[in-house]
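Trainee: Given next are the chains, with one letter for each unit.
Protein chains: 2
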Amino acid sequence: MELNDINPNVLSVKPSSMREFDHEISDDPQIVKLTLGEPNFNVPEHIKQAAMDAIKDNHSHYPYFWGYPELREAAAKYYQDKFGYHYGADQIVVTVGATEGVADVIETLFKPGEAVILPSPAYPLYDASISLHGLEQVRVDTSKTDYILTPEAVQKAIDDNPGLKVRGLILTDPNNPTGVAYTEDQLKALVPVLKENHIWVISDEIYGELTYGQKHYTLSKWLPDQTVIVNGLSKSHAMTGWRLGFVFGPSGFIDEIAKVHQFTVTTPTSIIQYAGIEAMKHGQNDAEPMRQAYEKRRDFVAKEMTEAGFDVVHPGGAFYVFAKIPASLNMDSWTFAKTLAKEYHIGLFAGAAFGDDECIRISYAASDEALTAAMKAIKQMVADKSVVSDK
Amino acid sequence: MELNDINPNVLSVKPSSMREFDHEISDDPQIVKLTLGEPNFNVPEHIKQAAMDAIKDNHSHYPYFWGYPELREAAAKYYQDKFGYHYGADQIVVTVGATEGVADVIETLFKPGEAVILPSPAYPLYDASISLHGLEQVRVDTSKTDYILTPEAVQKAIDDNPGLKVRGLILTDPNNPTGVAYTEDQLKALVPVLKENHIWVISDEIYGELTYGQKHYTLSKWLPDQTVIVNGLSKSHAMTGWRLGFVFGPSGFIDEIAKVHQFTVTTPTSIIQYAGIEAMKHGQNDAEPMRQAYEKRRDFVAKEMTEAGFDVVHPGGAFYVFAKIPASLNMDSWTFAKTLAKEYHIGLFAGAAFGDDECIRISYAASDEALTAAMKAIKQMVADKSVVSDK
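Chains as they are written, first to last, in full-length UniProt numbering: chain A, 1 to 391; chain B, 1 to 391.
No lab work stands behind these hints: they were computed from the structure. Do not take every clue at face value.
Identical chains blur together in the list; that is why a pair holds if it fits in one copy or across any two.
Simulated pairs of lysine to any residue, SDA-like, Cα-Cα distance not exceeding 25 angstroms [what the hints assert, rightly or not]:
(1) Lys303 - Pro112
(2) Lys188 - Pro289
(3) Lys111 - Asn9
(4) Lys111 - Asp5
(5) Lys303 - Asp57
(6) Lys221 - Asp185
(7) Lys296 - Asn42
(8) Lys14 - Ala89
(9) Lys144 - Ile31
Between the sequences and the hints, there should be enough to build the whole structure, so can you do that?
Mentor: If you want it as structure tokens, here you go:
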């Protein structure tokens, strides 16, 4: 049967160019990958043990669809202690990673045709999820304001689009792909314009435990009734493939998203939820050794990339360096990424995947050896491929 | 912020009355539950071991979003051998249980406003998923045709609704809640009307390995270009809470649903996918001892319920008995279920949850002791509560 009559929102969305590129280059046995946001650490042993115990103890039956009460209680306390979240267990739904959180929040809050502000560059998942749900997006270029969204930019996005009903904003803090982490003042500055315009904020705080020399703040502190937080254990506990996330939000909203969640996945894997209980109760310090290692790698990569001629935004969090390709290379971002992969066996992502074709994104959640090899290769490529300037 | 401006499709959907009722009655320490479709068996040991090995081996990173190639290869072969499925590994997407499969298929195939035929009684997930996606449903009562959907009923559903664009049908075979399993002839009879009217079929075959005295057939054999199969390991390998499912479909369709899947959950849990590889490669006979036990329980429950005065449809598959409440009780189905739970400490589901208020559903995926206690209590309740007939 013809497929041209299926959901046009689905037809219009492209598969993630990032995942496809990552999958493609994985065929190269020599490839060193700095592509996916994939910690090179393993899940902490005590959490692995809890998951194995749950398997042995036959916890294979349906958890209550909101997530085990014990997990939600533990998560409420964990995030209150970490970041000052103010949510009770009944304001939390346990999701299949942060991805399901983002998808469910978008489905719950918005109606087809409404618009969502997306500070750019942005993680491509948001773009796709907005399109899949039949929404419009208003991209706001943050590159001229050090990749920080300003209240003026929010107001301008609304004023410049009088034909659109702008009802949402997706804020990723710490940011993927730029690594920028918002200060307390930068977040507080956004509050009045968001209140005044009744904008729901999806606050993706998945990198909240990975900040360097600065603290993580949550916008929900100043905008509790309009903020929905997406978080999870993928980055803080190196549990990407295990898929465990949380949505935190106002009570009435949580009742609504719980239905979307239930009818989308029923619940995340029971034994991973047991692992999550262990992480929330006894894994408060699990992220710290990783954070320290990431910080060293960040310093190394930022320094090396600057030396190689790239403009690097200061990354205060997450584990990415977002770097502007030297003009001497005269290359767009996919050409850079593909050339580097093909000829130098180093994988990283084109900025175009995030909406900025002048930059590339390096994930430094990789081994020191991989990073050293990558920096050497990138310097070599700059030397090999730079064209002589006419000036 | 007010919630009246959020997605009206979400506001209109009720949380599953089944899950809420099950959760409520779980507070009663004496309760014996025949509610959820939840095997009382444990995950087979060799599969548990594979999951534990995957944890030990640190398989905690992102699987490719379609699912591990090895799992899709193994699933292709497993289901070909079992039921004659004709799908290659590149026509399979691995999902978070059958629930995500159903949600993703509905999102991929249909546009808001289009209509889907739902043979009734039906598992409430479909109803909710149809509403969440802004679709209309055409309920077709199957109670007068032994709970089998006939081609005449499909044609009538289309003819009676000239204002609706009917583009889909959800077929659950073996059926939940009735336990009815379609014969080869009953499925083949549906093919012409579905072809002629270009109806996509979502064929939920999650209970395919649980049939009694008859074989499971798949509609996809005769309608390959219009059928999408949803299946998984929840029932065949007692892995409900582990959440592993599959969608099988025509190639072009699978490319589209893969995007919806990716942007909804990224991928199911990596270690559960490793467990799935073991189940698909070495667990071909895992369901058989369970099936034999279920068959004995089915015989017992059907006999006892008939003796108690209930009309019982012959259940050829799944693990449910759907039984009509004796007229002498003069009770609707929720009154029956709530009275039985409160006064007799036995939990089962009201038929109303499935669209039939004259019946109740018993899950016999429970221990022999639980079933014996339940049958005794139900007989007692009939004796206690029957009203004297006026006749």
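Trainee: Reference check for the pair Lys144 and Ile31, CA-CA at most 25 angstroms: within, between, both, or neither?
Mentor: Neither way: Lys144 and Ile31 sit 34 angstroms apart in one copy and 63 angstroms across, limit 25 angstroms.
Trainee: Are the CA atoms of Lys14 and Ala89 at most 25 angstroms apart within a copy, between copies, both, or neither?
Mentor: between (37 angstroms within a copy, 21 angstroms between copies)
Trainee: Give the relationship of Lys296 and Asn42 under a CA distance limit of 25 angstroms: within one copy only, between copies only, both, or neither.
Mentor: Result: close within a single copy only, 18 angstroms intra versus 46 angstroms inter.
Trainee: Checking Lys111 and Asp5: alpha-carbon separation at most 25 angstroms within a copy, between copies, both or neither?
Mentor: Both, since 22 angstroms and 9 angstroms are each at most 25 angstroms.
Trainee: Can you give me the call for Lys303 and Pro112, within, between, both or neither, at a CA distance of at most 25 angstroms?
Mentor: neither (45 angstroms within a copy, 52 angstroms between copies)
Trainee: How would you label the pair Lys111, Asn9 (within, between, both, or neither) given a Cα cut-off of 25 angstroms?
Mentor: Answer is both: 14 angstroms inside a copy and 9 angstroms across each meet the 25 angstroms cutoff.
Trainee: Measure nothing new, just compare the shortest in-copy and cross-copy C-alpha distances for Lys188 and Pro289 to 25 angstroms and report within, between, both or neither.
Mentor: neither (30 angstroms within a copy, 61 angstroms between copies)
Trainee: With identical chains treated as interchangeable, where does the CA-CA distance between Lys221 and Asp185 reach 25 angstroms or less: within a copy, between copies, both, or neither?
Mentor: within (12 angstroms within a copy, 62 angstroms between copies)
Trainee: Within a copy, between copies, both or neither: where do Lys303 and Asp57 come within 25 angstroms Cα-Cα?
Mentor: neither (49 angstroms within a copy, 34 angstroms between copies)
The structure shown violates the earlier hints numbered 1, 2, 5, 9.
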